[in-house]
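Engineer: The lines below spell out each chain.
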Amino acid sequence: MESTPLLSVNNLSVEFSTPDGIVHAVNDVSFSIEAGKTLGIVGESGSGKSVTASSILKLNSGVTASTSGSILFKGDNILGADDKKIRQLRGSEIAMIFQDPLSALNPYYTVGHQIIEAYKVHHRGVKKPEARKVALEMLRRVGIPNPEARIDEFPHQFSGGMRQRIVIATALINSPKLLIADEPTTALDVTVQAQILDLMKDIQKENGMAIILITHDLGVVAETCDDVAVMYGGRIVEKTSVNELFTTPTHPYSFGLLGAVRSLDKSARGSLRTIAGAPPSLLHLPSGCSFMPRCVFANDGHSKCSSIVPELELVPSTHSLSACHLRKDALLKLTTKDLL
Amino acid sequence: MSAAVDTPFFYFPVARLLRIALTRFIVRRIFFALVLLAAVSLFTYLLFALLPTDPAALTCGKNCKPELIAANRVRLGYDKPIYEQYWQFVRGIFAGRTYGSGDIAFKCPAPSLGYSFNQHECVSTLIGKTFPVTAYLSLGSFVLWMLLGVGTGIIAALHRGKWQDRLTSLVTSIGVSLPTFYVGLLVLFSVVIWLQWLPFPHYASPTDNLHDFLTAMILPWITLAVLSAASYTRLTRNGVLEAMNEDFVRFGVAKGLKNRTVMRKYVLRAALIPIVTIAGLDFAALLGGAIVTESVFSLPGMGRLAIRSVTDSDLPVLVGTTLVAAVFIVMANAIVDIIYGVLDPRVRLK
Amino acid sequence: MKHRIIGVLGVALAASLVASACGSSSSSSSDTAASNDTVAAGAADTGTPTTGGTIHILSQLEQITHLDPQRNYTGSDLAFVGSTMQRALTSYAYASGTEGSKLVADLATDTGTPTEGGKVWSFTLRGGATYEDGSEVTCADIAYGVSRVFATDIIVDGPTYAITYLDIPKDADGNSNYPGPYKATADQQALFDKAVACSSDGKTITFNLNRVVADFNYTTTLLAFSPVPKAKDTGEKYDNAPVSSGPYKIKSYEPGKSLVLVRNDKWSKASDPVRHAYVDSYVYEFALDPAVIDERLMADAGDDQYAVSDAGLQPENLQTVFNDDKFKDRRQDSYDPYISFTAFNAKTVSCVEVRRAVYLGLDREALRTAGGGPYTGDFADGFIKPALADDYAPNKMPDGLNKDGTPNIEAAKAALDEAKTKCPDVYAKATGDGLKFFHPDTPTWQKNISIWIESMKAVGIVIKPTAVEPSKYYPTVQNDKTDYDIARGAWGPDWPNASTMIPELFLTSGGFNLTRNGDDPAYKQFETDTKAALNELDRTAQGTKWKALNQFLVNQLWSLPGTFLKAQDIWGSKVGNAYKWASSGSYLFGELYVKQ
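Chains as they are written, first to last, in my numbering: chain R, 1 to 340; chain P, 1 to 350; chain D, 1 to 596.
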C-alpha cells in the first residue's frame, strides 16, 4: 500500500566551507519514512549520517553550511521554511535526541525545568503547574522512579540511562510525529541500551510516530528498525529492509560492516575482523566509487569503480537498492555465508 | 517510594544541604585564609630582611653618618631581630601599639598594622584613607570592562568570521598589548590637557563632592576598562563559541526555543562560568591597588601607597598593603567559589 | 623620595639643603661657569607684583618631606615652608640674582651680634610676631625650637648644626649630654638653657658656642632655628601640622593629594620685613607623574597658567621647550646648588701627578653627554659655584686641561711619566693592579663607569670598578674601612658661604670628606688656612681667603671638579617672580605672584 510518506528527503547535499576547503558532508541523499516506521541510518563516523539527520531540523551551523535538495515533511519543504516555521516544527512535530545523554541536558537547570520549558514553548498560555503535571506524567512514562521527587534535581544527579530517559521524555513531551534519534544508546552500557530501545519501541507502538535511528551499531538496527540506509562517504550506498540487509547484503561495504559485527561477536575466539583502511576524507572525495580504495572485490582493475560514481539501483531478485558497479555487473556473487 | 513523595522540596533538601556545605566551606575558608595571611606577613618580613636596601640609611639625608644611621635603625625598630619585629607586629594587631613616650606618645589602636615614620601616620589610617579610592576605581572599571568585554565578546562570537569578529579581534589584539601607562598618559593628555574637555582630575570622595569625584574617576575608569576588556572579549568569544557546540545547546535548539532564549539560558550560562572565576581574581588583584592607573591619574589609592612603601623601604606600610591585598585575593577566591557553586549546580554538591 | 633622587640623578646626598649656591644665573643662559654675577633674573622677572590669586605647585612627590621646621632640610622645602609658614631669626633677602644670597633680619632686628670673636652670638627680637592662633612668638619658643634638634630619636632628618656648635658637653662618643626636651631631666635641661639663653625681658636670645663660628647668623636662617610653641608640640606628629608663624597657614593637608595654604590673618606685615605675601592661597598638588607636570605647564591651560613645578623639566621635553619661542618668557636654564666631583683616596693615591694624569685624560665630555649633555651643567672649575658671588673667582686650571671636556691624552701621559720617577709606587699601582673605583649601582653610573675605564685605558691607567647598592653607597664610602681609591659624590652649600663647601669636603672633620687627605704633606697648611677663613668675621676678607683655597684645591687635586649642575624649568604664563632663589636653588614660593 503506497501512502504519502511522513518525511521524504530528496537529493540532499550539504557542504561546509572550512579554512581547509569545502567539506562535502552529504552528497545527493534521498530517502523517505512513513508514520509508525523506523528507519535506521548506519555508517561509520564521518559518513554523513548525523549531518543528514541535523539537516531535517536545520540544525547545521548556518554560517558555514550550504544545503541543497529538498526535505518534505507532510509535503512542506522544510529547507525553504523560515526560522519561525522551523521553530514551530522543532520539538513539536519533529523531535531529536542526541548521542550523549550526559551532555544533552543543560547542567544548570533542573530536569523539570527543561521538560516544562520544552512543553511550554509549544503550549503557550499553559500555566506552570499544569505543565509540571504533564512533565511528571512523561517522566513516569519513561520510567523515572519517584518523579515527583526527582523532577527538581539536576541532570548530574541521574545515571546515564536515567538521563537518556529524561532526554526522551523531553523530546516526546509534545508527542512528535517524527523522532530523530542520533545514536541514542551508544554511550550507555548494554543492559541500559536494551531498556532505552524497548522504551522507544513501546512509545512508538502507542502513538505511531516514525523514528529515524542513526547508529553505527548493526545490532541496534536489527532489533529496532524496519528499513536501513547504509551511508558511506556522504552517500547512501545501500537501502533495504532490515531482513534483507542481514541475509543478503548487496554492497561490499555492508558485507564489511556485517563482517565486523560478526567477527566482533567471535572476538573471544580471536578472529577479530574489521574493514581495512580508513573512511574517505570528505574534503577530497575520490572521483569514482568512494569505497573503492577499501573494497576487497575491486581489485581487478574495473575502470568504472575509479572513475564513475555508482548510482543507487535496484538489485535483481532483491528489494534492495545498492550503489555498486560490481553488483550491477553481476561480478559480485557472494552471500553472507562467505562472511562466516 | 516513601511518604515524602508529596513534599518534593523536603525530600531532597537542596537548601539545607547547601547551607551546611556553605557553613563548612566558609569555616574552612576562614581558617585557610588566616594561615595564609600569617604566612604572607611572615614572608614579607623575611623578604624585607633579605633586601639589599638599608631602610635606616634611607631615612637620613645630607648628614648621614654611620652613627646617625645606627640611631635611626633603633628609632625605626630595625635593630631588633626580625622575629621580634614580627612578634611586635602580630601583637599590635590585637593590642594596638604605642610609639614614643611621655607627652608626645601616640597610639595606633588595634588592629594596628604599625606606624609609618615616613608618612607620620598609622598604617591602618593610611590604608583606611587610600582603600576607598582604589575600591571606587576598581568597582567602576570592573563594571565597565565586564559590560564592554562580555558584550563585544558575544557580538564577535555571534558574527564569527564576519567583519564584526575581525574588527573585534584586531582591536583586542591591540588592546591587550598596549601598556596602561602610555594609554593613561595619552588619554589624560588628550582629553584634559589638549582638548580640555575635562578639568584636571582632583580626587574627592563621592560623599564630599560628587562632581569632582566623577571628573577624577571617569578617565581612569575608561582607561582601565578598555584595556582590561580586551582579554575578556577574547575569553567571552571563545567561551560562547565553545558553548555553542555543546550537545545541550543543540538540544535546546531542537526543542524549538528561540535563539535568544538559547543564548541566554544555554550558551551564556556555560560560557560565563569560567569568566566569573577569572574576573573575581582580577577584581581582587585590582582592589590590592591599580598601581599604574593610580599613578598616572594621581589617584590617592592603595596601589600608590604600596609602591611608595617599596621605594621608601617603609616596612610597616609594605606589610600592611601586602596583607590587605592578600585578604582580598583570599576573599575573592572564596566568593568566586561560592558564586561558582550558585551558577553551576554540579559544583554545589560536591 | 631621597634615594629616588640619588638613584635617578646620581646627585649626592639628596636631602641636602642647599641654601645658596646657585641662583643668579639668568634665564636660558648656558654661558660658562665664569659668567653671570649680574642680578638679572631674565624671563622670570617682569612687571610689578600684584596681590591676590592662587598659585599651584605641581609636584611628583607624595608630600612635603618635612613641614616640621626642625626636620626640614631640603632646598625646595626650606624655601617653600620658610617663605610661607615658618620664620627664623635671620633670612636671605627675598630677591632675585645674587641679591638673594644677602643676609637680612627676620624675627631679629638685625643679623645678629657676635662677641668673643664669634663664639657668642646674640639676636634682639623684633617683637610683634604672632602664630596663627594669635599668640605671640616668644624668645622661649625659639629656644624650645632649637632644643628639639637634640631629640635625635624623634626630630630626624634636619640639620644638626645646633648640636655641633652649641656649648653643651658631649660624651666620649660625641653625643650631646642633652637629649632634647622630651626626655631631659632638670639637670640636662639646665645644660641647654645655659647655652641658649633668653634675656629677662625676653627681647634677646643668646647662643653660646663651643667654637668661633664667624657665619653663625647664616646658620640661623635654617628653619631649625624657627620657633615652636611648646604647648603645641606633638613630637613625631608635629610634622603634619606645625603651627604657622608666617603669612600663610595650612587649610588642608592630605599627603598624596594636596596641601592647601590660605592667608594667616594673624600675621602682620608690620612685623615681617622680609615677606610680601602677594597671593591669597597656595595649592600644592602632589603625586603627579613628571610627564603630566611638564605637559600641563607646556599647555598652559586654565589654572595651570598659575602653576609652577618643584622639580625641573624632564630631559625629553628640553628640546621642545628651549627650541620654541612661545616658551621664551616662561622658561629658565639655571644652576642648581650642586657641584659633582670625583674624590681620590689621598692615602693610596698620594701622587698629584697621577691625579692630574687622570684629570687630563678623563673624557669629561663623554660623561656629560651620557648624563644628558650641556643641560646637565657646565664643567666645574673648582669647588665653589659662581652663585657664591663673594667667594667665587675663576681658577687657573691645570696646563693641558681641555676646556671642552675632551681628553688630552698626550698631556695625561706626560703627567703619568712624571709620576713614574716621582712616585713609582703609586705609578705601579695605577698602571698595574689598578685603581679601585666605587660607584653607586645606578643606570647612569653603569654607563659612566665604562667611559671611565675606556678613557683611562687610553692613558695607561687601570680602573677597577665596584658597584654599590645605591642606598648603601654613601654610608659605604664614608666608612673609613672601605678601601676605595676613587669615589664620586656631589655637594651643595647649606648657605651662601664657601664655609659650607670647602671645610665640609676637605677638612678631616668635614661632613663629607671622601679624600682621606689628613696625612697629605699639604694638609696641615690647608687646615690652618681654612680655619682662618672660617674665623674671619669680615665677609670680603673671608671671600678672598676662600678664593685662594679654591685655587689651592684645583692645584692639589685631592678631588677632581666635575660639573656645576644645572636645572631647567618652565612655569605658567601668569606666574610672576618665577626666579630661582640664590639661597635655595628653587623658586622662592612665597614671593610668587599672579600676573593680572
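It should be emphasised that the hints constitute simulated quantities derived from the structure, not laboratory data.
Keep in mind that a hint or two might mislead.
Claimed, not checked - Lysine to aspartate or glutamate pairs mimicking EDC-like chemistry, simulated, CA-CA at most 16 angstroms apart:
| # | chain 1 | residue 1 | chain 2 | residue 2 |
| --- | --- | --- | --- | --- |
| 1 | D | K183 | P | D103 |
| 2 | P | K258 | R | D83 |
| 3 | D | K251 | D | D167 |
| 4 | D | K237 | P | D103 |
| 5 | D | K472 | P | D103 |
| 6 | D | K170 | P | E67 |
| 7 | R | K177 | R | E206 |
Engineer: Quick one: which hint numbers does this structure break? Sort them smallest to largest.
Structural biologist: Hint check: 3 and 5 fail, others pass.
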